[in-house]
Amino acid sequence: MKKLLLGNEALAQGAIDAGLSGVYAYPGTPSTEITEYIQKSKIAQELNIHSSWSVNEKTAMEAALGMSYAGKKSMVVMKHVGLNVAADVFMNMSVSGINGGLVVVVADDPSMHSSQNEQDSRYYGKFAMIPILEPSNQQECYDITKYAFELSEKLGLPVLIRLVTRLSHSRAGVATGERIAQNNVHLPKIATQFQLIPMHARGRYKHLVDIQPDMLAISENSEFNIYHQGTNKTIGIIASGIAYNYLMENFEDGNCPYPVLKISQYPLLKEPIKELFDTCEKILVLEDGYPFIEEAISDFLGENRKVIGRLSGDIPRVGELNPDNIANALGFDIVINDKLPKVVMGRPPQLCVGCGHNDLFNAINVLKNESATQQVFGDIGCSALGVLSPYESINTLIEMGSSITMAKGASDAGIHPAIAVIGDSTFTHSGMTGLLDAIIEKTPITVIISDNSAIAMTGAQDSAASGRLISICKGLGIEDAHLKIITPLHKNLQENIDIIREEINYKGVSVVISQRPCVQLPKEKKDKLKEYTNVSIN
Amino acid sequence: MHSKINIILAGVGGQGILTIAAILDTAALDNNLHIKQSEVHGMSQRGGAVQSHVRISDQPIYSDLIPQGKADIIISVEPMELLRYLPFLKKDGYLITDSNPFENISNYPELDAVYDEIKSHKNHILIDAMKIAKDLGNSKATNIVLLGAASSLIPLSDESFQKAIATLFERKGERIVAKNLEAYLKGKEIAAEIVS
Numbered sequence: 000m001k002k003l004l005l006g007n008e009a010l011a012q013g014a015i016d017a018g019l020s021g022v023y024a025y026p027g028t029p030s031t032e033i034t035e036y037i038q039k040s041k042i043a044q045e046l047n048i049h050s051s052w053s054v055n056e057k058t059a060m061e062a063a064l065g066m067s068y069a070g071k072k073s074m075v076v077m078k079h080v081g082l083n084v085a086a087d088v089f090m091n092m093s094v095s096g097i098n099g100g101l102v103v104v105v106a107d108d109p110s111m112h113s114s115q116n117e118q119d120s121r122y123y124g125k126f127a128m129i130p131i132l133e134p135s136n137q138q139e140c141y142d143i144t145k146y147a148f149e150l151s152e153k154l155g156l157p158v159l160i161r162l163v164t165r166l167s168h169s170r171a172g173v174a175t176g177e178r179i180a181q182n183n184v185h186l187p188k189i190a191t192q193f194q195l196i197p198m199h200a201r202g203r204y205k206h207l208v209d210i211q212p213d214m215l216a217i218s219e220n221s222e223f224n225i226y227h228q229g230t231n232k233t234i235g236i237i238a239s240g241i242a243y244n245y246l247m248e249n250f251e252d253g254n255c256p257y258p259v260l261k262i263s264q265y266p267l268l269k270e271p272i273k274e275l276f277d278t279c280e281k282i283l284v285l286e287d288g289y290p291f292i293e294e295a296i297s298d299f300l301g302e303n304r305k306v307i308g309r310l311s312g313d314i315p316r317v318g319e320l321n322p323d324n325i326a327n328a329l330g331f332d333i334v335i336n337d338k339l340p341k342v343v344m345g346r347p348p349q350l351c352v353g354c355g356h357n358d359l360f361n362a363i364n365v366l367k368n369e370s371a372t373q374q375v376f377g378d379i380g381c382s383a384l385g386v387l388s389p390y391e392s393i394n395t396l397i398e399m400g401s402s403i404t405m406a407k408g409a410s411d412a413g414i415h416p417a418i419a420v421i422g423d424s425t426f427t428h429s430g431m432t433g434l435l436d437a438i439i440e441k442t443p444i445t446v447i448i449s450d451n452s453a454i455a456m457t458g459a460q461d462s463a464a465s466g467r468l469i470s471i472c473k474g475l476g477i478e479d480a481h482l483k484i485i486t487p488l489h490k491n492l493q494e495n496i497d498i499i500r501e502e503i504n505y506k507g508v509s510v511v512i513s514q515r516p517c518v519q520l521p522k523e524k525k526d527k528l529k530e531y532t533n534v535s536i537n
Numbered sequence: 000m001h002s003k004i005n006i007i008l009a010g011v012g013g014q015g016i017l018t019i020a021a022i023l024d025t026a027a028l029d030n031n032l033h034i035k036q037s038e039v040h041g042m043s044q045r046g047g048a049v050q051s052h053v054r055i056s057d058q059p060i061y062s063d064l065i066p067q068g069k070a071d072i073i074i075s076v077e078p079m080e081l082l083r084y085l086p087f088l089k090k091d092g093y094l095i096t097d098s099n100p101f102e103n104i105s106n107y108p109e110l111d112a113v114y115d116e117i118k119s120h121k122n123h124i125l126i127d128a129m130k131i132a133k134d135l136g137n138s139k140a141t142n143i144v145l146l147g148a149a150s151s152l153i154p155l156s157d158e159s160f161q162k163a164i165a166t167l168f169e170r171k172g173e174r175i176v177a178k179n180l181e182a183y184l185k186g187k188e189i190a191a192e193i194v195s
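Protein chains in written order, with numbering that gives the first Met the number 0: chain X, 0 to 537; chain P, 0 to 195.
Don't read these hints as lab results, they were simulated from the structure. A few of these clues could be false.
[Said to hold, decoys possible] Heads up, incomplete: computed chain X residues facing chain P, CB under 8 Å, no partners named: (1) R165; (2) G172; (3) M247; (4) L339; (5) T457.
Here a beta-carbon is modelled for each residue, glycine too, at the ideal position from N, C-alpha and C.
Just need the whole structure built from these sequences, with the hints factored in.
Right under this line is the structure:
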């Protein structure tokens with residue numbers, strides 16, 4: 000019987016069944032459930048598959064590469080912006096190549112449901128010159144993942160699987176197959192493969208360039224790229240990944256009269272696209288995310304435009320696809336209705352009732368009233384909700400770790416008070432190095448680590464910071480006198496304001512740890528955390 | 000029997016719409032039907048507007064999202080959230096909602112205006128499901144009362160629903176299973192009175 004699985008869960012099961020030995024990841028919507036599925040899987044536990052969270056996406060990808068070096072199959076999972084953090088190793092491991100199969104899974108978030116941009120990971124795959132797989136449905140999530148490990152070992156390259164939110168977070172029945180055994184430890188055959196000093200790297204890079212035609216040939220014969228001959232040649236359609244489903248939704252029983260090329264594997268195949276160009280009046284490109292295919296196949300000046308899609312304006316340039324905007328592009332007689340009754344108000348996300356961030360923002364807002372020059376640099380996670388009403392406490396929000404370093408730069412420019420607010424897990428993810436920059440220069444900033452002892456926004460996963468914040472800050476060089484711990488509760492408001500004010504007035508780096516467990520944590524976890532929170536600074 | 004049905008579930012993050020979805024999924028899978036069910040994870044789950052598209056059919060289903068104007072039913076655990084998805088409702092489709100507002104925003108509209116808007120649609124079931132659940136001694140079962148109210152409009156047998164509820168709450172013990180079955184049946188009974 001089929002199992003009802005999220006796209007993310009189907010992918011995770013596919014990895015287990017492909018003989019995975021370890022998954023490495025940092026939580027991030029919409030990718031989180033992939034790793035969680037493996038963590039909860041009984042079979043994965045029996046097989047001793049590594050699945051603990053990593054500190055960030057870069058450390059995760061490097062660990063996955065280490066496991067591959069040792070000959071075993073590994074997977075690294077992240078949201079789209081996580082790949083920016085891991086870009087260094089990502090770009091270089093396509094040059095070194097892999098030993099055991101290595102699959103990189105990146106979940107993009109078109110429409111920015113839980114993200115700060117819409118970046119399309121297919122550009123990264125092309126940049127690194129590796130194969131990209133883009134499943135269109137839950138069954139393909141399973142099948143493509145098994146295939147990805149096989150392809151990775153066949154080519155000796157990492158393989159990128161690109162998901163989008165709507166596939167990650169939608170369920171359907173999935174048929175699973177046989178489980179392939181894990182690899183044994185075996186070291187790379189070529190001793191210099193993973194030694195990327197220039198003299199070796201040049202050879203490896205040449206090899207990567209040389210096997211591109213092989214990659215294209217594999218793509219052209221891939222069972223996941225499907226060409227439907229159509230009878231109506233007024234439009235030829237190219238639909239990648241999930242866009243294929245939205246397209247077919249518009250035709251009774253999926254009977255589309257136009258020629259359709261469904262793309263789920265890259266590099267972009269040439270032959271069928273050439274046939275569409277030769278036989279059809281127009282080419283409509285449907286892809287969720289950026290106009291990646293459309294850009295590749297349209298003419299640069301757009302004067303003789305035969306290709307339509309997001310660039311031509313036939314599909315909105317921003318936001319995710321759906322059956323309706325595709326119906327519109329097909330010229331169907333539909334009116335997209337975005338008018339709601341007047342009584343419907345927006346309901347943005349907000350902090351939970353009783354959340355410790357709430358009490359911290361209340362203290363920060365009192366200090367804001369005392370100093371018109373105060374600027375607060377925020378960071379990713381639940382604490383980002385301090386941007387919104389009723390708090391409006393935070394002036395900036397860019398990416399993981401930027402609160403501390405932006406506060407530093409602003410302080411260098413003369414801003415005072417310059418306050419950074421960062422969650423505990425975001426701090427260990429990529430805040431620590433920036434704090435060291437500030438310590439080295441004794442920059443007058445106040446860093447508030449809002450420590451709820453969880454990676455809260457993605458579902459309260461364990462934070463690497465739990466029990467380690469004091470020793471990390473002291474180890475980096477924060478003086479005992481300017482490392483403070485406060486408990487964000489209403490009854491402590493005045494005391495907390497006084498402590499933060501005192502540190503703002505200190506002309507060097509100070510850290511205030513605002514510590515209270517996430518209200519979403521189960522009681523057992525909160526009790527366990529008490530061991531950590533009862534530690535004093537001295 | 001319909002060959003397919005499209006349902007939108009609506010509410011605020013944390014109100015339990017995914018439990019309704021899971022019961023629908025389980026019942027449909029038990030009948031060997033095709034299912035696609037999208038859900039919201041991440042930021043909006045923190046007190047924001049959330050929705051789930053549930054599609055059940057005896058034929059393969061392509062899109063994970065329901066096209067506009069193609070939803071047969073919208074079930075909401077909050078009255079204003081019900082109205083957020085009106086562009087998806089089929090002509091003469093059904094609106095089913097709990098009447099209790101979840102007021103976590105400062106500009107929540109006049110409740111009577113929300114009710115008037117709901118009542119302007121011919122096919123609506125506006126009930127105090129929360130009170131019904133409380134009266135049955137299980138205030139957490141508001142969502143199950145609403146599912147019961149919608150059940151006769153969904154082409155799945157009563158037996159399948161009851162079996163799915165029993166399966167889903169099994170690990171919480173017999174008493175909780177019984178309480179939820181009671182909530183389901185009460186919702187079904189009240190909807191029958193309203194519709195007739």
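Cut-off 8 Å, beta-carbon criterion: hint that X/T457 touches chain P = Hint holds; X/T457 Cβ to chain P Cβ min 7 Å, cut 8 Å.
request  = Would you settle whether the hint for X/M247 is holds or violated, based on the nearest Cβ-Cβ distance to chain P being less than 8 Å?
outcome  = holds (4 Å)
key: Restraint satisfaction for X/L339 [CB to CB of chain P, less than 8 Å]   = Holds, because the Cβ-Cβ distance from X/L339 to chain P comes to roughly 6 Å (cut-off 8 Å).
message = Quick check on X/R165 please, does its C-beta sit within 8 Å of some C-beta on chain P?
response = At 5 Å from the nearest chain P Cβ, X/R165 passes the 8 Å test, so the hint holds.
task = Using Cβ atoms only, decide whether X/G172 comes closer than 8 Å to chain P, and label the hint accordingly.
result = holds (6 Å)
Checked against the numbered hints given earlier, the structure satisfies every one of them.
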